[in-house]
Amino acid sequence: MHIDLKKEIKESNPGQIGVAILVLMIVLAMLAPVLGRYDPLQQSTTTLLSPSRGHWLGTNHVGQDIWSQLLYGARTSLAVGFSVGVLGLLLSILFGVSTALIGGVYDRVVMRIVDAFIIIPMVIVVILVAAYIKPSLLLLIILLSVLSWPSGARAIRAQTLSLKQSGHISASRAFGAGELYIAWRHILPDLVPILLVEFIYGVRRAVFMEAGLAFLGIGDPMVVSWGTMMHDALRFSYLDVWRWWLVPPGVALSLTIIGLTFISHAAEAVVDPRLRDEAVA
Amino acid sequence: MKAIKNNLVTYGIAFLLILALNFILPRMMPGNPLTAIYGGEAMIAMTPELKAHLIERFALDKPLWEQFGAYFLALLRGDLGFSYYYNAPALKVILGHLPWTLLLVGSSLVLSTVLGIVLGIESGWRRGTKTDRTMLAGLMSLNGFPDFFLGMVLVLIFGVMLRVFPLAGALTPYSGLSGLPLVLDVLKHMVLPVMALTLAHLAGGYLLTRNTMITVLKAPFMLTAKAKGLSEKVLKYRHAGRNSMLPVITMTGIWLGRVVTGALFVELVFAYPGVGQLTYQALLSRDYPVIQGIFLMVAISVLIANFLVDLLYPKIDPRVSHAH
Amino acid sequence: MTPDSEMKPLLEIKDLRVSYGNDMVLDGIDLAISRGETLAIIGESGTGKTTLGMSIMRLTEGKIRGSIIFDGKDLLTLSEDEMRRMRWNRVAMVFQNVSNVLSPVHTVLEQVAEPMVEHRLRNKDEAREKAGELLATVGLPESRFSAYPHQLSGGEQQRVLLAMALSNDPELLILDEPFSSLDVATRSELGNLLRQDNGRRARLVVTHDLDTASKLADRLAVLYGGRIIEIGNTRDVLKNPRHPYTRALIRSYPNMTAVKDLQGIKGRMTRPVSGCPFHPRCTQMIDICRRELPGLVWNQGRAVACHRGGVATILSVKQLSKNFGKVKAVDSVTLHIEAGETLALVGQSGSGKTTLAKMIIGLYQPSRGEVFFDGAKVVSRTKDFYRKVQMIFQNPGESLSHRLSVLESVMEPLEVQGIGTKEERKEKAIRVIGEVELPQTKDFILKYPHHLSGGEMQRVAIARALVLDPVLLIADEPTAFLDASTEAKILKLLLNLQENRGLSMLYITHNIAVARKVSDRIAVMLDGRIIEEGPSNQIVAAPKQAYTRRLLDAAPSLVRFETTAAD
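Residue numbers (our numbering), protein chains in the order written: chain A, 416 to 696; chain B, 668 to 991; chain C, 168 to 734.
Watch out, some of these pointers could steer you wrong.
What follows is a list of derived Cβ distance ranges for each label pair [what the hints assert, rightly or not]:
1. 509(A) / 793(B): 40 to 50 Å
2. 348(C) / 581(A): 24 to 34 Å
3. 557(A) / 348(C): 54 to 64 Å
4. 793(B) / 348(C): 30 to 40 Å
5. 244(C) / 441(A): 35 to 45 Å
6. 557(A) / 979(B): 33 to 43 Å
7. 986(B) / 464(C): 50 to 60 Å
8. 793(B) / 604(A): 45 to 55 Å
9. 603(A) / 265(C): 35 to 45 Å
According to the in silico footprint, chain A covers these stretches of chain B (three or more CB under 8 Å from chain A) [unchecked claim]:
10. 681-695
11. 736-743
12. 768-777
13. 799-808
14. 917-930
For the record, the hints were derived by calculation from the structure and aren't laboratory data.
Backbone N, C-alpha and C fix where the C-beta goes; we use that ideal spot for every residue, glycine too.
Turn these sequences into a full structure, and let the hints guide you.
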């Protein structure tokens, strides 16, 4: 593929917007201690305050500063998102490439398992596990990674299979190159576009899952999460507080996911050039 | 046929995984397996005789594989355990909540798929124009909103601010309605949650259809159809659309899983008395039999739905059923 | 417009120009088709013939200018909606059978019935019934009616495309490569079907295949460089092509009747900036061809677009005679050679053929008669004449001076004519030496003839003849002194040179088998007179004279012209 990944994303309008949003979120997350004025977990007696000079978004039902919570929530979402994205991608690469290159019984068995995983909805499984084991953040990350690698593996395997047939790989074999060498030097570099796409998908899924599960009340109570914020705020929806308590985390969450969607849209065009957004002739 | 055989193996594996997970988890917990299965609070309510009876019934003092046998047999009998919170068999509890969820999930799935296909066809037909780009941007953005947040926004706008639709529940409580007014009441309560679910999952079908349209429109038979002097509508739907729908149908089974999980969240937002609400309650009260039962039912329903889609697909795509 | 058509034509295309971006695919097309007539458009791939069909139906994405008048109405001025109603009802197309030309998710019966229903000609049931009839007519078995396109063979799909095009009984049917990828039997069957079809229907067949055109069409138009360069009755055009391109096309077409070895056309198709689109490849190009576009000139129902009025005659002799005392060596011979063609003069020794050749080249003065070169009578032979006509003699050992090296021999004509500087002459000579497939090394070009083999010597002689870039080459039994395998190679070389340089050739030989392989026309000479003359394939297949028949019988039947190991 002669299409330059970076160029493709840079030149696509949705891509640019997506990157901008994501950068904003990352900056906010990183600057949380600076921009937020309070420890987000510090409870106080000033509960359910409206937005004021001291508390830009007011306080929640146990007196915690909502603005600080919003910023730290970004950290949680992004941290979980990227960790799961990376871990999941590594597992996807491992299984996707190996099944494509090794083939045979190994391929068939692993693919059946992959398909089985894909069919079972992830959230349900996490709910079940969470019912028995109180998940810490780390456990959640591991769990989500284990559940999300199968869909990436399918795509990577497909791409590897088609790369396997290409000419320069046959040539390498003719030089006596081994499987590992071929995988490292020839296949992996050509896989970069689809790896990026699958990574973004993974991050997006994870951000969504983490927030959703927190919303259901499953999650580490010591961790600030947008999902938890929305869960708590919902209980008080009969009051006016929803304006500054419910909406901001929801908007922040949605923006993050939208940003990731836009980036993935631009990245998809690299993998399948037919999809590029051309203007009408 | 071979494809179906392959898939059966997959479904078999999935089924076993589901059963295994359900089985292993409680038995992995430290302490008394009975507590793990029934929850601490239930234990308090049980008499020693009942405990002994249960231990025997589920072979809890026997080796693991015998336990699995007992467990499996119990499942076949429809015995999902007993919910001490609701004081009824878990199966009955779940079945009581199920119809509402089915209502939501069914309507949303159908609506989002059909609407997604139509919008995808129209967008793909006009690819590159302002309408297309707007729809694309719009739907991608819409896709970013988690269904529960979307639900919340809808409630706030239409329920609280505009007061057009009710805020919560599946019916107006204690209204004593029946017949047509009852149906209307149910529908009125359904509008917002279904809208939330539909809008949140619209983009999947839309994007896939649009992408397929882009490829299909370049195919030779589209030129042939145009040469036949067929109207734009016929070209769009009978020729391009019919060919573009196929990948979407394949995905329906998987999307069902997503809509079902979405419904769990949305029910919470709308206090809709379906399985989602039930899950939340069961989590709070550690009602393990119910949680397990829900997991089992949902996972297996999704499995069956996928299987049905596999059976259905060859009827739509002649290239598969009448392969050379 | 055809001047001799009685009724107004159904379709009239006037100055049609179609371009895609900067690429002008059709550059001024004028055509007319009458009801009941079948016109074939012949062109190689990429000449724009498919675009022509598509433009009539307004299905191309290119920019269209000009007018396409169908039954009095200019299709290009219609609104899209009006055009849509025209499509299939009045003008329909049998598409080229590529994969996915039919919708994969509908049965073939549905697809044939569809246009009838959508244009409100019939209701659903009637349409299905009629569709069934049509499919049966084109020979599709009833069991295949409910099949999907991917389940049918190529031949069956083509039938479906044909039935589908006829569904609304259009007045004009356009067929785009209707027989590509079909076997001979199916082609013949479908060809018959088309001929029996509605007599009032006009048909436009677009193809690169001459066989298809000859079987289906009444008239033939040749498309080149986006223009029609020749048009006329199919039989006339194929038998007697006037435009050099048409002639070359027919020559290069593999079919049962041609006997001359397959000859490609010099060069590749490119669009020159100005002048006749064919001029870079033309064997008879003159100056005006570079500058001006030739228009179609009509003459009794046939038209050619060529500044020279079609294939030009490069050499003609009228009643040429030579007497040596009482002996009539050559007796009133009238012959002509057209530009770019090879005429073989066949006769036994003593028939007068060499004498004739020597008269043409000027080594003998004729007793009577005239020689015309390129239209002008040859009175005296100037240097200019020798630049254009060159001769290769029988015995290279004699025709090459043993005192000159290879390089010097080949350079000699350039020196005699005073062309270029010494360096330039040397360079040109070396180039031509390479053209005749001899080594261009210093070692070789400084060799003397007695160090060369027979074949090498003859190649040197050919190089010497070519160095002045002549247009007519007279080869007098050039392989007489060579063995069989060398003979084959020299013949191959001559053919290649003719193709690359666009030479005309007068090939003299006693061997009618060889003549048949290298020539377009054969003239048989006996006792100083031409007793029979005509196209090679005709002479060989159906000789009229007994003598000719004897020659053919006596000819070696196994003539091997494969290239053996390198010289």
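Is it true that residue 793(B) and residue 348(C) lie within 30 to 40 Å of each other by Cβ?
Given about 36 Å between the Cβ atoms, the range holds.
Does the Cβ-Cβ separation between residue 244(C) and residue 441(A) fall within 35 to 45 Å?
violated (60 Å)
Please check whether the region 681-695 of chain B has three or more residues whose CB lies within less than 8 Å of a CB on chain A.
Our answer is that it holds, as 8 residues pass the Cβ test (under 8 Å) against chain A, meeting three.
Using the Cβ atoms, figure out if residue 603(A) sits within 35 to 45 Å of residue 265(C).
At 38 Å between Cβs, range holds.
Verdict for residue 348(C), residue 581(A) (Cβ pair) under range 24 to 34 Å
Check passed, 29 Å falls within 24 to 34 Å.
Checking C-beta pairs, does the region 768-777 of chain B have three or more residues closer than 8 Å to chain A?
As far as the region 768-777 of chain B goes, the hint is violated, because 0 residues have Cβ atoms under 8 Å from chain A.
Between residue 986(B) and residue 464(C), does the C-beta distance stay in 50 to 60 Å?
Between residue 986(B) and residue 464(C), where Cβ atoms are some 54 Å apart, the hint holds.
Would you say the region 917-930 of chain B counts as covered by chain A, given the rule of at least 3 residues with C-beta under 8 Å?
Holds, because 6 residues of the region 917-930 of chain B bring their Cβ atoms closer than 8 Å to Cβ atoms of chain A.
Outcome of range test on Cβ distance (residue 509(A), residue 793(B); 40 to 50 Å):
Taking Cβ atoms as reference, residue 509(A) and residue 793(B) lie about 42 Å apart, which means the hint holds.
Coverage criterion applied to the region 736-743 of chain B (partner chain A; beta-carbon cut 8 Å; 3 residues):
Contact hint for the region 736-743 of chain B vs chain A: violated, 0 residues under 8 Å.
With respect to the beta-carbon atoms only, verify the hint that residue 557(A) and residue 348(C) lie 54 to 64 Å apart.
The hinted range 54 to 64 Å holds for residue 557(A) and residue 348(C), with Cβ atoms some 58 Å apart.
Distance restraint hint 33 to 43 Å, applied to the beta-carbon atoms of residue 557(A) and residue 979(B)
The hint (33 to 43 Å, Cβ to Cβ) holds, given that residue 557(A) and residue 979(B) are roughly 37 Å apart.
Going through the hint list in order, the structure does not satisfy hints 5, 8, 11, 12.
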